[in-house]
Amino acid sequence: MAERMSLVLFSGTVDKLMAASILATGAAAMGMEVDVFLTTWGIEAFRKDAYKTNRRVSSDYADYAPVMLEAMAAKKAPSWMENLLGARDIGAVHIAACSMTMELFNLKLDDLESIVDEVTGVATFIERARESKITLFI
Amino acid sequence: MAERMSLVLFSGTVDKLMAASILATGAAAMGMEVDVFLTTWGIEAFRKDAYKTNRRVSSDYADYAPVMLEAMAAKKAPSWMENLLGARDIGAVHIAACSMTMELFNLKLDDLESIVDEVTGVATFIERARESKITLFI
Amino acid sequence: MAERMSLVLFSGTVDKLMAASILATGAAAMGMEVDVFLTTWGIEAFRKDAYKTNRRVSSDYADYAPVMLEAMAAKKAPSWMENLLGARDIGAVHIAACSMTMELFNLKLDDLESIVDEVTGVATFIERARESKITLFI
Numbered sequence: 006m007a008e009r010m011s012l013v014l015f016s017g018t019v020d021k022l023m024a025a026s027i028l029a030t031g032a033a034a035m036g037m038e039v040d041v042f043l044t045t046w047g048i049e050a051f052r053k054d055a056y057k058t059n060r061r062v063s064s065d066y067a068d069y070a071p072v073m074l075e076a077m078a079a080k081k082a083p084s085w086m087e088n089l090l091g092a093r094d095i096g097a098v099h100i101a102a103c104s105m106t107m108e109l110f111n112l113k114l115d116d117l118e119s120i121v122d123e124v125t126g127v128a129t130f131i132e133r134a135r136e137s138k139i140t141l142f143i
Numbered sequence: 006m007a008e009r010m011s012l013v014l015f016s017g018t019v020d021k022l023m024a025a026s027i028l029a030t031g032a033a034a035m036g037m038e039v040d041v042f043l044t045t046w047g048i049e050a051f052r053k054d055a056y057k058t059n060r061r062v063s064s065d066y067a068d069y070a071p072v073m074l075e076a077m078a079a080k081k082a083p084s085w086m087e088n089l090l091g092a093r094d095i096g097a098v099h100i101a102a103c104s105m106t107m108e109l110f111n112l113k114l115d116d117l118e119s120i121v122d123e124v125t126g127v128a129t130f131i132e133r134a135r136e137s138k139i140t141l142f143i
Numbered sequence: 006m007a008e009r010m011s012l013v014l015f016s017g018t019v020d021k022l023m024a025a026s027i028l029a030t031g032a033a034a035m036g037m038e039v040d041v042f043l044t045t046w047g048i049e050a051f052r053k054d055a056y057k058t059n060r061r062v063s064s065d066y067a068d069y070a071p072v073m074l075e076a077m078a079a080k081k082a083p084s085w086m087e088n089l090l091g092a093r094d095i096g097a098v099h100i101a102a103c104s105m106t107m108e109l110f111n112l113k114l115d116d117l118e119s120i121v122d123e124v125t126g127v128a129t130f131i132e133r134a135r136e137s138k139i140t141l142f143i
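As you go down the protein sequences, you meet chains A, B and C in turn.
Letter by letter, the first sequence follows residues 6 to 143 of this note's numbering.
Letter by letter, the second sequence follows residues 6 to 143 of this note's numbering.
Letter by letter, the third sequence follows residues 6 to 143 of this note's numbering.
Incorrect hints may have been included.
For identical chains, the list gives no copy identity; a pair is met inside one copy or between any two copies.
What the hints assert, rightly or not - Simulated crosslink set (BS3-like; lysine-lysine; CA at most 27 angstroms straight-line):
1. 53 - 113
2. 80 - 53
3. 81 - 57
4. 81 - 113
5. 113 - 80
6. 138 - 57
7. 138 - 80
For the record, the hints were derived by calculation from the structure and aren't laboratory data.
The structure presented is a predicted model; accordingly, all values stated were derived computationally and were not measured.
Can you build the whole structure from these sequences, using the hints too?
Dropping the structure here:
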């Protein structure tokens with residue numbers, strides 16, 4: 006059985022999404038399964054088409070946001086969404102959205118990007134997370 | 006021996022406290038022990054009566070805060086404190102406050118909500134965290 | 006082989022750096038190896054001399070920042086950098102900077118504080134993280 010990395014993706018800012026996507030890519034490249042559990046602002050970030058206009062950066066570093074976004078554009082760095090799609094191409098990346106948040110925000114699976122596999126409860130995530138080698142809340 | 010989930014609860018915003026309480030509830034429901042180590046703003050959030058008026062939301066999503074708080078009220082979603090109390094009813098949930106932060110903020114155990122079990126050092130948390138199946142910094 | 010704690014240090018605010026340094030100190034004191042992987046704002050925080058003037062605090066608690074910084078000064082609490090240097094004195098603390106972020110920000114190892122050991126890719130971090138007892142994203 007492949008080793009697993011389980012991420013709770015709570016944040017919806019580009020800098021944290023980028024970090025999550027790089028960790029997912031790295032883990033997939035090493036043959037690990039990757040489970041991503043979207044909740045709260047992580048779900049907002051995966052609303053259909055939202056990634057195309059999302060330029061939100063951690064407000065702790067709001068003053069650096071323009072510099073970072075420009076550097077990413079200048080270097081033609083792949084977006085976090087491209088990273089995630091790439092990670093899925095090379096490995097097993099599973100993305101689920103938290104059912105409680107979905108209900109709170111009146112959302113259905115169809116409202117999210119197609120890279121999201123399903124809507125599940127927290128118990129399903131925990132059952133798999135406790136068999137994971139790496140667990141992170143982002 | 007029951008499997009364990011260990012959370013460092015650094016944040017004091019309602020959205021992250023809600024995520025922590027849902028993870029704690031899910032883990033307790035699956036028979037896991039839950040250790041919560043409060044530090045910094047996590048301790049502020051557990052000051053006596055603070056939860057009754059705390060409407061702080063991650064500043065990354067300050068513009069969505071009113072929408073989220075209204076949705077939670079409209080859906081009559083249980084508060085994070087109610088979730089934690091419920092998790093304790095069904096399982097083993099242990100909440101400790103970081104002794105270094107308590108000293109820094111001139112706080113005593115009596116200054117916190119009674120759901121906080123004790124004040125401990127970081128070594129005690131780590132000793133138990135390293136035997137945990139899931140470790141998260143929230 | 007010593008047990009290991011692996012931290013992804015994404016944040017660059019003094020309050021989170023302090024939490025990371027205290028966790029590192031606690032783990033080192035218990036004989037654990039500590040791996041720190043700096044990325045994004047975590048790298049900014051380790052730029053040469055940056056720690057001497059960094060007074061950034063989580064914007065979620067911007068209103069409490071002056072109180073916390075004054076309390077830390079009044080109590081003569083060691084800085085997060087002093088904690089990390091102390092942790093290294095008593096144990097095995099390894100600090101690496103994410104090569105992708107370094108390239109994005111046009112940085113070289115020489116631009117960072119000497120406590121940073123090397124620049125590595127995410128795969129190297131994950132390879133060690135998956136053998137860790139504690140994994141946290143800060």
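(request) Would you pick out the hints that fail for this structure and give their numbers low to high? (result) 6 and 7
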